[in-house]
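Protein chains: 2
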Amino acid sequence: MLVVHKYGGTSVGNLDRIENVANRVAKVKAAGNDIVVVVSAMSGETNKLIDYATHFTPNPAKKEMDMLLSSGERVTAALLAIALQSKGFDAVAMSGRQAGIVTDDIHTYARIESINPAAMQNAIKEGKIVIVAGFQGMTKEGHVTTLGRGGSDLSAVAIAGVLKADQCEIYSDVDGIYTTDPRIEPKAKKLDTISYDEMLELSSLGAKVLQNRSVELAKKLNVKLYAKSSFNDNEGTLITEENNSMEEVLVSGVVLDKNQARVTLRGVSDKPGIAAEIFTKLANENINVDMIIQNTGTDGSTNLGFTVPQSELANARRVMEKFDHDIQGMDFDDHICKVSVVGVGMKSHAGVAAKAFRVLAASNINIQMISTSEIKVSMIIDEKYGELAIRMLHEAYELDK
Amino acid sequence: MLVVHKYGGTSVGNLDRIENVANRVAKVKAAGNDIVVVVSAMSGETNKLIDYATHFTPNPAKKEMDMLLSSGERVTAALLAIALQSKGFDAVAMSGRQAGIVTDDIHTYARIESINPAAMQNAIKEGKIVIVAGFQGMTKEGHVTTLGRGGSDLSAVAIAGVLKADQCEIYSDVDGIYTTDPRIEPKAKKLDTISYDEMLELSSLGAKVLQNRSVELAKKLNVKLYAKSSFNDNEGTLITEENNSMEEVLVSGVVLDKNQARVTLRGVSDKPGIAAEIFTKLANENINVDMIIQNTGTDGSTNLGFTVPQSELANARRVMEKFDHDIQGMDFDDHICKVSVVGVGMKSHAGVAAKAFRVLAASNINIQMISTSEIKVSMIIDEKYGELAIRMLHEAYELDK
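As you go down the protein sequences, you meet chains A and B in turn.
Counting from -8, one number per residue, gives the positions in the first sequence under my numbering.
Counting from -8, one number per residue, gives the positions in the second sequence under my numbering.
If we strip away everything but chain A, and leave its shape as in the complex, we get (with noise of 0.2 Å):
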C-alpha cells in the first residue's frame, strides 16, 4: 500500500514530537508500506518569521515571504528525515520544488500547476522513505512560492493524487471530524465517516481540521481523507465520496461561528446594479463578506444584510458610510454569532431546516437572519444563546447517539 501521511505544526511542534512522528512513520513503513510524508513549520516558526518581516514594514513583497516563510517546512523535512535515519530507515528530504510541484505566480497564495512525481517515484522505487516539504513549490521561472495558510494540506493532497496513493492521513492534534466542538457539548461524538461537501460546508464554518482547498481538491481527485491526531491512535474520521448508507444520516454536525459581526443596509432601492456597487466596494478594501441575505422588497425598497469576520467590522462600516445613496440607514452588529446544521442527508428531507427553527424558538432564541444551502442551513442568532443553541441542536439532531 502507498500512503500519504501529512503532519501539522503542533505535531512537529518541537523535537520530542518529530521524534514522536518518525516512530509513527517508521512503524508504517516497517510494515512493509510504501510512504510519502508531508510535513508543515515546527509550530510558531511560521508566526516568527512573519513578526520579523513585519518589523519593517506592514506589506512585505510577496516574493520575499515566499522565500522566508518557505524556509520553515523545509527545517522540518530534514529534521524528521534525520530522525528517521538515525532510526536505520533510508529516508530522504526535498523541498516542494525537489518533490515536482509547480505552482502559478500568484505568491504567498499559489495555486498548484503540476506535479512532477519522477523524483518521489524513483526513491519510493528505491525503498525509501520521502519526507515533502509542504505549503510550497515553484513557478515554472523557478521562483519560490507558498500555498497560504494550510497549504501543507494542499500539498499532501496534491501528492496523494498525482501519485495515486491508496489514502492521504493528515495528522493534527484532534483525532477526527466531530459532531460540534466538543468544549460546547461535551457529548459532541466523533463521525466515522463524511462527506467530501460535508467537511466543506464544516471546514468554512470553522471546524479548522482541515483546509477547504486541500478538502475541495481531494474531492476532485478522489483522494481518500483521513483526519487523525499523532497524539494518539484513535481511529479518526474518514471522508470521502458520498455513499449509500449516508443517506441515512440527515445531519453531520452542528458549528458554531463567533467570530462574526452583522451589517444590514435598511431601505435599500430595489432597483439594479446596487447591491453589485456595494459588494464591489466591500471586495475592493479585501473585506471578506459571508452570508449575504436579501428578502423581496416592498415598496421599492428593502433590507440587505451580511456579515464579515468580527475583525472586518470597522472597515466595513468605513466603506459603508461612504456610500451616500440609495440607502437609508444601516446597523452593526458584532454580538451575534453564526449556529449551522450541515447534513447530506437535508438535500432530501426538507424537515431538516424546519426542525432547526423550532429547536431554537422552543428556547426563546430569536433568528436574525437565515442561510441555506442543499446541505446547509445557518443562522445568525444573539451571540449570548451561541453554545446553548449548539447543545440544542446537538440534541434534537440525536448525534450522540
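Don't read these hints as lab results, they were simulated from the structure.
It is possible that part of the hints are untrue.
Note that the list lumps identical chains together, so a pair holds whenever it fits in one copy or between two copies.
[Claimed, not checked] Taking lysine to any residue and the SDA-like style, the derived pairs with C-alpha atoms no more than 25 Å apart in a straight line are:
| no. | residue 1 | residue 2 |
| --- | --- | --- |
| 1 | Lys53 | Ile115 |
| 2 | Lys53 | Ala109 |
| 3 | Lys78 | Ile284 |
| 4 | Lys39 | Thr1 |
| 5 | Lys39 | Asp7 |
| 6 | Lys119 | Phe47 |
| 7 | Lys78 | Leu40 |
| 8 | Lys39 | Gly4 |
Please read all numbers here as calculations on a predicted model, not as lab measurements.
Based on the hints, put chain B in the right spot on chain A.
Using the frame of chain A, we list chain B on its own:
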C-alpha cells in the same frame, strides 16, 4: 561601479542589525552604484539547527543537513530584501540556486563548479539590488548543497568574480586585518593593504576574519577584496595582489595559535616509507596535522615532530601508541603554542627569521620547533610565553609604527 557586499552572522544577528545593513546597502545604491549583497544566517541560527539535528543522531546525513542549514541564509536574504523594499528600494532575494550557483555533490562541503549569472545580471540591469543567500548552491541534479563553514565568503567572492565586480567587501564585526591580536598587544595596527598570500597565512593561523578558501578564490579570480566592519565606517583592509610598495614591508603581522599540541617521535628509523605510514594512519583517523618537522638523522634514526589541534591529541596518541615498530619512544605535549611571523618581504630578506629567533632568545624563550615557508616563520614554544613572544615580536618588527 558594481560592488559585492557580504555580511556575516553577527552583522545580521538581529532585526536592528539587518536594518543597519539595509541602510548601508541603500547608501551605496543611492550613490549610483550597482550592488549585490551576500548574507549569512543570523548568528546563532546555524548552531541551533545543528543542535536540532544532532538531537536525533551524532552523524546526521549530509544531504539532509544541507537542506536544513541552507534555510538560515534564505531567511536573512528575504528579510534584508524586505527591509530595503520598505525604504523604497527595489530589491530581490535569491537562494543560491536562483542566483545560478552550481556545485559538486560533496554535501556540507561542496565546491562551486560554475555560476550562471543571468538571473543576477538581469535583475541588476533592471536597477534592482540583488540579495543572495550565501553558503549554498545546487548540484546539477537539483540537490541543495552548502559550502562549509564560512562558505558565504566564498559565495561572495565567486559572485564578484563571475560578475567582474569592481570590488568585494566582506563585512564582519572586525574592521580589518591587524598586525596581531589587539587583545594581546594593544599597539596592534590595522593594515591598509595585505597580499593574498600573507592573508592566507594569517587566516590559516587563526585570524578568522576571512575564510581561507575565499581568499584562495579571490587570488585566482583576482577579486579586489576588502575586510570591513558593518558596525562603523572605518577604512578596512584591502587584500590584493602583491605590488611594489609591499616590498618595503618586511613583516605584515604576528599571530598566536594556542590551540596546538605537539607530538615528538624519538628514534624513528631513517628508512623510506616510515613517515608515509605514520601520516597515512593519522589521516585515516581524520586527524589534522599542521606542522611536520624532520631533521636529518644520525646513527640511522631521527626525531620526527608534528603538531595537531589540542582536541585531537588524544586521538593522535591512540593512533601512535599502536605503532609498534621503528620508533624508540614518543612525547605528547599540549602545553605549547605556535607563534608565527608573516610577511611577503621575508622572501628576499633572510634576516627576518633570524631576528625572530634573536628576539625570543633575548627573553629566554626556548624554541622547541621551527618551520618556515617563503612568507612565514612559525615557532613552537612553551604555552605560557605565547603572549609575551607576540608583544616582543610586534615591537621588534616595528609593527606599531
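Against the structure, the hints come out as follows:
1. In this assembly of identical chains, lysine 53 and isoleucine 115 lie within 25 Å of each other by CA distance solely across copies; the values are 20 Å between and 34 Å within a copy.
2. Taking the shortest Cα distances, lysine 53 and alanine 109 sit within 25 Å of each other only across copies (23 Å), while inside one copy they are farther apart (29 Å).
3. Taking the shortest alpha-carbon separations for lysine 78 and isoleucine 284, neither the intra-copy value of 58 Å nor the inter-copy value of 44 Å comes in at or below 25 Å.
4. In this assembly of identical chains, the alpha carbons of lysine 39 and threonine 1 lie at most 25 Å apart whether taken from the same copy (15 Å) or from different copies (20 Å).
5. Proximity of lysine 39 and aspartate 7 under a CA criterion of 25 Å is satisfied in both settings, with 20 Å inside one chain copy and 16 Å between copies.
6. For a Cα distance limit of 25 Å, the shortest separation of lysine 119 from phenylalanine 47 across copies, 19 Å, qualifies, whereas the shortest one inside one copy, 42 Å, does not.
7. Proximity of lysine 78 to leucine 40 under the C-alpha cut-off of 25 Å is restricted to the inter-copy arrangement: shortest distance 19 Å between copies versus 31 Å within a copy.
8. Proximity of lysine 39 and glycine 4 under a CA criterion of 25 Å is satisfied in both settings, with 13 Å inside one chain copy and 15 Å between copies.
Consistency note: the structure conflicts with earlier hint 3 alone.
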